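2 protein chains.
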Amino acid sequence: MSRPPIIQTVRDLQDAAERERAAGRRIALVPTMGALHAGHLSLVKAAREHADVVWMSIFVNPTQFNDSNDFGAYPADLSRDLELCASHGVDLVFAPAPGELYPEGAQTWVEVGELAESLCGATRPGHFRGVTTVVTKLFLAARPHVAVFGQKDFQQLAIIRRMERDLGFGIEIVGAATVREPDGLALSSRNLHLGPQARQQALVLVRALDVAEDSLARGEASHEALVALVARTIDTASLARLDYAELRDPDTLRSARAQITAPTLLALAVHFAPDPDGQGRKVRLIDNRVLQPQR
Amino acid sequence: MSRPPIIQTVRDLQDAAERERAAGRRIALVPTMGALHAGHLSLVKAAREHADVVWMSIFVNPTQFNDSNDFGAYPADLSRDLELCASHGVDLVFAPAPGELYPEGAQTWVEVGELAESLCGATRPGHFRGVTTVVTKLFLAARPHVAVFGQKDFQQLAIIRRMERDLGFGIEIVGAATVREPDGLALSSRNLHLGPQARQQALVLVRALDVAEDSLARGEASHEALVALVARTIDTASLARLDYAELRDPDTLRSARAQITAPTLLALAVHFAPDPDGQGRKVRLIDNRVLQPQR
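So the sequences go chain by chain: A and B.
Oh and the first sequence: position 25 is 811 in this note's numbering, straight run, nothing missing.
Oh and the second sequence: position 87 is 873 in this note's numbering, straight run, nothing missing.
Extracted from the complex, chain A is given alone in its bound form:
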């Protein structure tokens, strides 16, 4: 299987986009930071359903890391990523150098307001500003008809939908379902950094989502009680420390009412410590589910 062509400059990618568009072909973009796993590859599959050509960007965006240790440790293996792209039918890879997307003296930011202020926006200052800025640059470089993002990053997806509409990119934003390990853990490039014990304990995220969903199904509709239940569940894992557990309106991300009577996002972020024997690193994981109240 031959590797897809790699483009490294914005100019070359814009030229390629112009040719595809002039030929009447639909372009789908899958933006990634590399370290590809089955979650990314499911995005490629979704992209294929919406377009004639599937392009992937691989760029570890420095401006969305609020923690420089996290940035420095972010896994990278371009050669392996390219093999996966080849075997999954990616037609083109955009892998720019940082200076290509952030020229010297760069000082322009794209920022979404209220949607980006809570949840991960509150605990990772500047993160979403980095995301919306780099996604704007990627959209302008690739000029796709469609772009695909994972629902694991629920807030990111909501912010990008809002940005697309507000600025008028004319790009269809597709959200793809979270892909999970057989035991339920949501796939994340950061899972690689979990020690064996932390990896086992990381199941507490999906367990907390299950507990909340079950309780709601059994009639516990109190916002406060459900959040407390989630927090207690997370607390059962000795290496885990809750960052946030919140019930939110899935569209506006505003806090859900005191009683859950409409579909409601349960969003979770949990810090994990290295294993007691020193294996693994500090890792922060997220997961979410839209809870459906009983009729």
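Bear in mind the hints are in silico, worked out from the structure with no lab data behind them.
Each statement offered as a hint is correct.
Covered stretches of chain B (in silico footprint by chain A; criterion: 3 or more residues with CB under 8 Å from a CB of chain A, positions within the stretch not fixed): (1) 793-803; (2) 878-892; (3) 899-910; (4) 921-927; (5) 951-962.
In silico contact screen, one side only, chain B against chain A (beta carbon under 8 Å); selected entries: (6) Arg-807; (7) Ala-808; (8) Trp-895; (9) Val-896; (10) Arg-948.
Model, not experiment: these values are computed from the prediction.
Beta carbons: idealized from backbone N, C-alpha and C, even for Gly.
Given chain A's structure and the hints, the job is docking chain B onto it.
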């Protein structure tokens, strides 16, 4: 002379752009807020030199007015503007409703940093954020190869050049020389609001630029002395009140050194009161010149 077609939605304009681009024609965009004068029409002429088709947007952008009175009073006469477009060969006019560029719940901003902080950025809070946000939306709607802006708004032009490069629009930004009345006053839609006396006194801006240029030519290279000279010149006009007079690096807009030894921007903003007999409104005018020191 037939009027150019008018497009009112982003979607329709994007479709028109796609057709022009697919046909290999170069699009030039001239963004305006209407109330067209010979300055705008010189931008149309410059646009024609860089492209096959010339499109003008006419949109009084609410988010760039820091003063709601200024927004409410901004002159508008679309019918007259369209006649001028027709007689000057504009091929298409984009005249969207506000809700088209700012959909309900819009909360996305494009913001340039340091370049937008001084001069008009300091005395008109939020102004440039409104400009860069709306210009982004216009660029995404019209997808031009070239966009033309006047050099009268020197700082705006510098900010848009920076934004274009930082975000990677792939658009050539052309700056067009300031057009002036026969007596030297820079054309501005706001000149219409000057009372007869204020209109006469408004010549003090270009006189102050002349005085500074002449002094520098005669060997006065002191930053402080030149600025004081400009301020005293403005003071001679009874209806004028200086907003700012600053000497800046033309590229970075950082403050010029104590001695002017390189090409230096002299940027001026001056408030004018209504005439003593009540004619005219309060108006703020700007002008600038790049001063060339002696070798």
